[in-house]
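Student: Sequence:
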Amino acid sequence: MKYFVISSVIIGMIIFSFNISYSFASCIENEDWSDAPCMDNFPINRAEFQRDWAPYYDYKGSELMESKYVEMQQAINDGTFNKWKNNRENSNVYYYYLSIGDVTNQQPDRFVFDDEIEKHFSFPFYFVITLASIFVIIIIVIAVTFMSKRKK
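In the working numbering, the protein residues as written are 1206 to 1357.
Okay, derived cross-link-like pairs now, DSSO-like style, lysine-lysine, Cα gap no bigger than 27 Å in a straight line: (1) Lys1265 / Lys1290; (2) Lys1273 / Lys1288; (3) Lys1265 / Lys1288; (4) Lys1290 / Lys1273.
Across the chosen pairs, the derived CB separations fall in these ranges: (5) Asn1250 / Ile1215: 35 to 43 Å; (6) Ser1338 / Asn1282: 39 to 47 Å; (7) Arg1293 / Gly1217: 36 to 44 Å; (8) Arg1256 / Ile1216: 39 to 47 Å; (9) Glu1236 / Val1346: 51 to 59 Å; (10) Arg1256 / Ser1213: 45 to 53 Å; (11) Asn1292 / Val1349: 52 to 60 Å.
Derived by calculation from the structure, the hints in this document are not laboratory data. The beta carbon of each residue, even a glycine, is placed where N, CA and C say it ideally should be.
Please model the entire structure based on the sequences and the hints provided.
Tutor: Dropping the structure here:
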């Protein structure tokens, strides 16, 4: 019985992990722009994202934003985008230009818009979840069978 309880807890934790929402720590204090929107869970509504990031351009000014845009394009072309984006100001610049569509999503595994969700969670994702669920059920059946035979 002790093994059954332990197995049940482990299996429950595995099944529960499939239902966890993705979220990230991007909503921590933004030193560069205190009014930065918090878009920490996805899918993200594209219209809201665009509306919330629109004031950033005026806040920083056109000269800085245009120079940062050139830097960002260079980093994308050089393959050093992730390193470039580690700076909070650069990250904000990226989100602004992503919001208006001037740059493509450089982080599709971390940043998903609501109109792109089919690309990320389509048949293969649900297929894997289904196979994992079947695997867990088989393990439960084997564990229960093994434990019941062991008691006899």
